[in-house]
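Colleague: Fit chain B to the given chain A structure using the hints.
For the protein sequence lines, the chains are A and B, in the order given. For the first sequence, our numbering begins at 1 and goes up steadily by one. For the second sequence, our numbering begins at 1001 and goes up steadily by one.
Check before you lean on any hint, since a few could be wrong.
Derived lysine to any residue pairs resembling SDA-like cross-links, with alpha carbons at most 20 Å apart [said to hold, decoys possible]:
{"hint": "1", "chain 1": "A", "residue 1": "K19", "chain 2": "A", "residue 2": "T48"}
{"hint": "2", "chain 1": "A", "residue 1": "K19", "chain 2": "B", "residue 2": "A1044"}
{"hint": "3", "chain 1": "A", "residue 1": "K19", "chain 2": "B", "residue 2": "R1063"}
{"hint": "4", "chain 1": "A", "residue 1": "K24", "chain 2": "A", "residue 2": "V47"}
{"hint": "5", "chain 1": "A", "residue 1": "K19", "chain 2": "B", "residue 2": "T1089"}
{"hint": "6", "chain 1": "A", "residue 1": "K24", "chain 2": "A", "residue 2": "V84"}
{"hint": "7", "chain 1": "A", "residue 1": "K19", "chain 2": "A", "residue 2": "D34"}
{"hint": "8", "chain 1": "A", "residue 1": "K19", "chain 2": "B", "residue 2": "D1071"}
{"hint": "9", "chain 1": "A", "residue 1": "K19", "chain 2": "B", "residue 2": "D1064"}
{"hint": "10", "chain 1": "A", "residue 1": "K24", "chain 2": "A", "residue 2": "R38"}
{"hint": "11", "chain 1": "A", "residue 1": "K19", "chain 2": "B", "residue 2": "D1122"}
{"hint": "12", "chain 1": "A", "residue 1": "K24", "chain 2": "A", "residue 2": "A2"}
{"hint": "13", "chain 1": "A", "residue 1": "K19", "chain 2": "B", "residue 2": "E1045"}
{"hint": "14", "chain 1": "A", "residue 1": "K19", "chain 2": "A", "residue 2": "V57"}
{"hint": "15", "chain 1": "A", "residue 1": "K19", "chain 2": "B", "residue 2": "E1124"}
{"hint": "16", "chain 1": "A", "residue 1": "K19", "chain 2": "B", "residue 2": "D1066"}
{"hint": "17", "chain 1": "A", "residue 1": "K19", "chain 2": "A", "residue 2": "D50"}
{"hint": "18", "chain 1": "A", "residue 1": "K19", "chain 2": "B", "residue 2": "P1110"}
{"hint": "19", "chain 1": "A", "residue 1": "K19", "chain 2": "B", "residue 2": "D1069"}
{"hint": "20", "chain 1": "A", "residue 1": "K19", "chain 2": "B", "residue 2": "L1002"}
{"hint": "21", "chain 1": "A", "residue 1": "K24", "chain 2": "A", "residue 2": "D34"}
Far from chain A, some chain B residues (derived; all Cβ distances over 10 Å) [stated by the list, open to error]:
{"hint": "22", "residue": "P1005"}
{"hint": "23", "residue": "A1011"}
{"hint": "24", "residue": "A1040"}
{"hint": "25", "residue": "L1059"}
In case anyone wonders, no lab produced these hints; they're calculated from the structure. Backbone N, C-alpha and C fix where the C-beta goes; we use that ideal spot for every residue, glycine too.
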Amino acid sequence: MAIEVRIPTILRTYTDGQKAVEGKGDTLSGLLEDLDGRHPGLRGRLVTEDGGLHRFVNVYVNDEDVRFLGGLETALNDGDSVTVLPAVAGG
Amino acid sequence: MLSLPREMVDAIVAHARRDHPDECCGVIAGRDGVATRLFAMENAERSPTGFTFDSAEWLRVYRDIDDADEDLLVVYHSHTATEAYPSRTDIRWSVNTPGASWLLVSTREPSYDEVRSYRITDGEVAEEEIRVT
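The shape of chain A in the complex, shown without the other chains:
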């Protein structure tokens, strides 16, 4: 099943400049594993070493922030749209 993933400018170095890529997976975690095969390094910018979602990015499934869904275990269905954005914060 195909899921469209929209990639922000700062991560397009991992996608040969493409604004959107396609992948597959039953969960967000599975999708990121799948994408990492074709776009090495992308997953490492989204997932921390201990397996959590990096706080420097926001990931949305159908425009819902996955932090308010199931995080990396958020279930995905064919035709879902995933958007990645850099988080913006400061002190």
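Modeller: Just chain B, lined up with the frame of chain A:
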């Protein structure tokens, strides 16, 4: 140098005063380096010492800017007890917005609005002149 219309600078200062003692935040979109639109945003932290763009609002704003073929020209926020200079946290987060100016307003003095702008590249902070048009 950053050129901004007077009404945008005034709107940012008004936003900072309104949200004081919490920090305010927002962005200015631009095209070819010319400021086009101001987005005053929610500080999801509602904190006097930090800010985070509300994730749902940021998605809407980002799409709006992207769909209009505009760029993120400025990220702005306020400091409510310290000077208008990027904190270490600001410098760390600025890597997420390459090419954008970081504009800061200090509201620590009730009767003086300190507004300054910076380019932050690889952790190096360079102040830039703000030209109000």
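Colleague: Work down the list of hints and note, for each, if the structure agrees.
Modeller: Verification of the hints:
Proposed proximity of K19(A) and T48(A) is contradicted: the alpha carbons are some 23 Å apart, above 20 Å. Pair hint K19(A) plus A1044(B) does not hold up; C-alpha atoms about 27 Å apart against a cutoff of 20 Å. Distance restraint check for K19(A) and R1063(B): the Cα-Cα separation of roughly 13 Å lies within the 20 Å cut-off, and the hinted pair is therefore satisfied. The straight-line distance between the Cα atoms of K24(A) and V47(A) is roughly 17 Å, inside the 20 Å bound, and the hint therefore holds.
A threshold of 20 Å between alpha carbons decides the hint, and for K19(A) with T1089(B) the separation of about 29 Å lies outside it, so the pair is violated. Between K24(A) and V84(A) the CA atoms are separated by roughly 16 Å; this keeps the pair inside 20 Å, and the hint holds. About 17 Å separates the Cα atoms of K19(A) and D34(A), which keeps this hinted pair within 20 Å; it holds. With a C-alpha separation of about 15 Å, the suggested pair K19(A) and D1071(B) falls inside the 20 Å cut-off, and the hint holds.
A hinted pair counts as satisfied when its Cα atoms are at most 20 Å apart, and K19(A) with D1064(B) qualifies at roughly 16 Å. With a C-alpha separation of about 12 Å, the suggested pair K24(A) and R38(A) falls inside the 20 Å cut-off, and the hint holds. Distance check on the hinted pair: K19(A) and D1122(B) sit about 24 Å apart at the alpha-carbon level, beyond 20 Å; violated. For the given pair, K24(A) sits about 5 Å from A2(A) by alpha-carbon distance, which is consistent with the 20 Å threshold.
Straight-line distance between C-alpha atoms of K19(A) and E1045(B) comes to about 30 Å, which puts the hinted pair past the 20 Å bound. Straight-line distance between C-alpha atoms of K19(A) and V57(A) comes to about 16 Å, which keeps the hinted pair within the 20 Å bound. Note on K19(A) and E1124(B): the hinted pairing is violated, with a Cα-Cα distance of about 29 Å set against a maximum of 20 Å. Restraint check for K19(A) and D1066(B): the C-alpha separation of about 11 Å stays at or below 20 Å, so the hint holds.
A C-alpha spacing of about 28 Å is found between K19(A) and D50(A), which places the hinted pair above 20 Å, so the restraint is violated. Of the supplied pair hints, the one linking K19(A) and P1110(B) is violated, its CA atoms being roughly 45 Å apart against a limit of 20 Å. A C-alpha spacing of about 13 Å is found between K19(A) and D1069(B), which places the hinted pair at or below 20 Å, so the restraint holds. Annotation: proposed proximity of K19(A) to L1002(B) is violated, straight-line Cα distance about 28 Å (limit 20 Å).
Distance check on the hinted pair: K24(A) and D34(A) sit about 6 Å apart at the alpha-carbon level, within 20 Å; holds. Residue-level check passed: P1005(B) sits 23 Å from the nearest beta carbon of chain A, beyond 10 Å. The Cβ of A1011(B) sits about 19 Å from the closest Cβ of chain A, beyond the 10 Å cut-off, so the non-interface label holds. At roughly 14 Å from the closest C-beta of chain A, the C-beta of A1040(B) stays outside 10 Å, upholding its exclusion from the interface.
The beta carbon of L1059(B) is not kept farther than 10 Å from every beta carbon of chain A, the shortest such distance being approximately 6 Å.
Checked against the numbered hints above, the structure breaks hints 1, 2, 5, 11, 13, 15, 17, 18, 20, 25 and satisfies the rest.
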